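K.L.:
Start from the sequences, fold in the hints, and give me the full structure.
Number of protein chains: 6
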Amino acid sequence: MKVKVNRKAHFNAAHRLFNPNWDDAKNQEIFGLCNNPYFHGHNYNLVVSVIGEVDPDTGYVIDMKILKDIIENEVTSKLDHKNLNMEVKEFATQIPTAENIAIVCYNWIREVLPENLELKITLFETERNWVEYPA
Amino acid sequence: MKVKVNRKAHFNAAHRLFNPNWDDAKNQEIFGLCNNPYFHGHNYNLVVSVIGEVDPDTGYVIDMKILKDIIENEVTSKLDHKNLNMEVKEFATQIPTAENIAIVCYNWIREVLPENLELKITLFETERNWVEYPA
Amino acid sequence: MKVKVNRKAHFNAAHRLFNPNWDDAKNQEIFGLCNNPYFHGHNYNLVVSVIGEVDPDTGYVIDMKILKDIIENEVTSKLDHKNLNMEVKEFATQIPTAENIAIVCYNWIREVLPENLELKITLFETERNWVEYPA
Amino acid sequence: MKVKVNRKAHFNAAHRLFNPNWDDAKNQEIFGLCNNPYFHGHNYNLVVSVIGEVDPDTGYVIDMKILKDIIENEVTSKLDHKNLNMEVKEFATQIPTAENIAIVCYNWIREVLPENLELKITLFETERNWVEYPA
Amino acid sequence: MKVKVNRKAHFNAAHRLFNPNWDDAKNQEIFGLCNNPYFHGHNYNLVVSVIGEVDPDTGYVIDMKILKDIIENEVTSKLDHKNLNMEVKEFATQIPTAENIAIVCYNWIREVLPENLELKITLFETERNWVEYPA
Amino acid sequence: MKVKVNRKAHFNAAHRLFNPNWDDAKNQEIFGLCNNPYFHGHNYNLVVSVIGEVDPDTGYVIDMKILKDIIENEVTSKLDHKNLNMEVKEFATQIPTAENIAIVCYNWIREVLPENLELKITLFETERNWVEYPA
Chain A
3 MKVKVNRKAH FNAAHRLFNP NWDDAKNQEI FGLCNNPYFH GHNYNLVVSV IGEVDPDTGY
63 VIDMKILKDI IENEVTSKLD HKNLNMEVKE FATQIPTAEN IAIVCYNWIR EVLPENLELK
123 ITLFETERNW VEYPA
Chain B
3 MKVKVNRKAH FNAAHRLFNP NWDDAKNQEI FGLCNNPYFH GHNYNLVVSV IGEVDPDTGY
63 VIDMKILKDI IENEVTSKLD HKNLNMEVKE FATQIPTAEN IAIVCYNWIR EVLPENLELK
123 ITLFETERNW VEYPA
Chain C
3 MKVKVNRKAH FNAAHRLFNP NWDDAKNQEI FGLCNNPYFH GHNYNLVVSV IGEVDPDTGY
63 VIDMKILKDI IENEVTSKLD HKNLNMEVKE FATQIPTAEN IAIVCYNWIR EVLPENLELK
123 ITLFETERNW VEYPA
Chain D
3 MKVKVNRKAH FNAAHRLFNP NWDDAKNQEI FGLCNNPYFH GHNYNLVVSV IGEVDPDTGY
63 VIDMKILKDI IENEVTSKLD HKNLNMEVKE FATQIPTAEN IAIVCYNWIR EVLPENLELK
123 ITLFETERNW VEYPA
Chain E
3 MKVKVNRKAH FNAAHRLFNP NWDDAKNQEI FGLCNNPYFH GHNYNLVVSV IGEVDPDTGY
63 VIDMKILKDI IENEVTSKLD HKNLNMEVKE FATQIPTAEN IAIVCYNWIR EVLPENLELK
123 ITLFETERNW VEYPA
Chain F
3 MKVKVNRKAH FNAAHRLFNP NWDDAKNQEI FGLCNNPYFH GHNYNLVVSV IGEVDPDTGY
63 VIDMKILKDI IENEVTSKLD HKNLNMEVKE FATQIPTAEN IAIVCYNWIR EVLPENLELK
123 ITLFETERNW VEYPA
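Protein sequence lines, in the order shown, are assigned to chains A, B, C, D, E and F. So the mapping is simple: the working numbering equals the position in the first sequence, first residue as 1, plus 2. So the mapping is simple: the working numbering equals the position in the second sequence, first residue as 1, plus 2. So the mapping is simple: the working numbering equals the position in the third sequence, first residue as 1, plus 2. So the mapping is simple: the working numbering equals the position in the fourth sequence, first residue as 1, plus 2. So the mapping is simple: the working numbering equals the position in the fifth sequence, first residue as 1, plus 2. So the mapping is simple: the working numbering equals the position in the sixth sequence, first residue as 1, plus 2.
Keep in mind the hints are simulated off the structure, nothing from the lab. Possibly wrong hints are sitting among the right ones.
[What the hints assert, rightly or not] Quick list of the computed label-pair ranges, beta carbon to beta carbon:
(1) A:Glu120 / E:Asp25: 28 to 36 Å
(2) F:Asp57 / D:Asp26: 42 to 50 Å
(3) B:Lys4 / E:Asp26: 43 to 51 Å
(4) C:Ser79 / D:Met3: 19 to 27 Å
The structure displayed is predicted, hence computed values, not measured ones. Where a beta carbon is used, it is the ideal one built from N, C-alpha and C, also for glycine.
P.N.:
This is how it looks when you write it as structure tokens:
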């Protein structure tokens, strides 16, 4: 049976929820306060989960120092203290909801993670709202 | 791949664990302190999880404001500051254990949630004891 | 300089906020949901803080095992899984608000704690509401 | 002896740390990532603490529902989902560090709180950084 | 549908990550600070999850008092305040990483848990690193 | 009025509670499980609090990046992944209880902190036991 290992990281960012194909009234109706044109922000907590076999030589699925570096290089360095709408090109064409941020983080990490390891992303937007991908 | 979104809520309630088909000795043996006839209580924390496709127009699986309203209407307004045994008809015929409360919350929300969305309930009775339904 | 040591405990209880000198309308106005005559309940978290000199032989202000036993004997055994209004005589004549419960816990522990040690009580009624005595 | 009661609230906001009297190099040296001109943001957690005598009729220092309303009217409604630099006039002339936000919150609440009650503000910018005013 | 019940426990232990088949340089390269020959330690938090049908007579999947006793007998009494490498025979031949500790806890509890109940172990080594078995 | 700023850090270490002036029976009686000669360990959480005036140019009492570096240089680098009894000379002559570790951390940081700033240390040995110095 496989083991899942989990590593928590965090980053702070500003964002705005806004669909450029809609007029102001529709954006306000759907996104409410989150549509503030001056942006608002969050302390995002990110959990990266990796599933695989335990290597009998190390007792590890993946070395946590390696996973920590991957998270830093692939996610934190790109999102921490950033304005997601204006500074992260992935959100030029999709709305930076928690759902979409989680999918972007998944795709970034998936590219550098060895293929034999499964990946799952959990993203906390606040202590009361969070998302998981894949479900 | 689908995304799971999670929303946390809480309510305070009193309850008593007691099977009316058993005598006092049997209830005391099985339920111990939880069988106190004067009731005791908990701060329940509830996590409602919804699984579905991300809508490309909103970036949402479900609007958190809608999910928050569903939780308030279907669960919190019925259970908060209530005596579960004496004031909630679902517990007239079944014991208000964490397991059964979670199933009742699931059934209430399932009725109003669109069919294409999957549902999962996590109910914390204390910081150290919690249940999930379905498993 | 002195050191403060802190020990966390918890108990579950039912209560009702109600002033017998007032009529129903006044109780409802002041206490709202908390006045439910069928009771509601909480998971109380209690922090007992003790201030004193560090004993050079043990490196302790007070042995945590001793403090743990004091909390169990003086507080938890009297309040856990109880109905505060109906089963704890201190609340026959005063309302079991968080403020009054904290003062009662203080008085119980103060009686058995050596005089050279200062005492402070923090009582969490929920994760968002808590009280400290003395302030 | 008096009792301290504490109530937790939260709000999300965007901000930028920047001193208009300094040039870019100096701002970058002092504020680093926090000087991002496109803003970043936080989930702020706020604890409002009120110290006073317990009213023997209610068992309360202050009714938590009243304190909750004060926090909502005086703080949350002004800061939640806002850009602190651009939308809150108090930060037109002072930098929205955690220290200054806490002082602003204190001043807002102090104006409406009865004089016989002492006030203290704790503001969490992240889980690892927080400030208290007065110290 | 089945319900999953979860119970949290904790224990403190010392350990060292070290593969006796490797030389010092290789151990240092792979395990870094965790290879300190004088040991270091953790407060481990353990969540034991049990999946099964709800018994209609008790409303329980498993009585939490029984599960608490199982965890105490099968895990806590063997690991709490111990040096994992030197005092726990399971780690004489495998490295006490979080992955391997979780598998050992699983095997210990699996032996005494009724066959109709599924089992899952979550082990937190720190607040930021944890593992789950089976994945 | 002054502001208090707080910064949280953590380190993992092994220790043993043992008074070399006592015989084995006395050490066992006083320190119990904590006297295990093979050591046990903890994830220590450390909060360093600094009290001072807010600098009007920066809005800071102290720059958190500077405080973070002080904690890393003066505390974490000396204690993380260490055996306190065998590798930290301050504990050659005093017992590494939470009380004494907090005092040692205080003394280390006090030496490098500007004199106009007050200092306070909070050290969590577990989630349920912690100490503060000065009280």
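K.L.:
Hint by hint, say whether it matches the structure.
P.N.:
Evaluation of the provided hints:
| no. | hint | result |
| --- | --- | --- |
| 1 | A:Glu120 / E:Asp25: 28 to 36 Å | holds (33 Å) |
| 2 | F:Asp57 / D:Asp26: 42 to 50 Å | violated (20 Å) |
| 3 | B:Lys4 / E:Asp26: 43 to 51 Å | holds (48 Å) |
| 4 | C:Ser79 / D:Met3: 19 to 27 Å | holds (25 Å) |
This entry does not satisfy hint 2, going by the numbered hints stated previously; all others are met.
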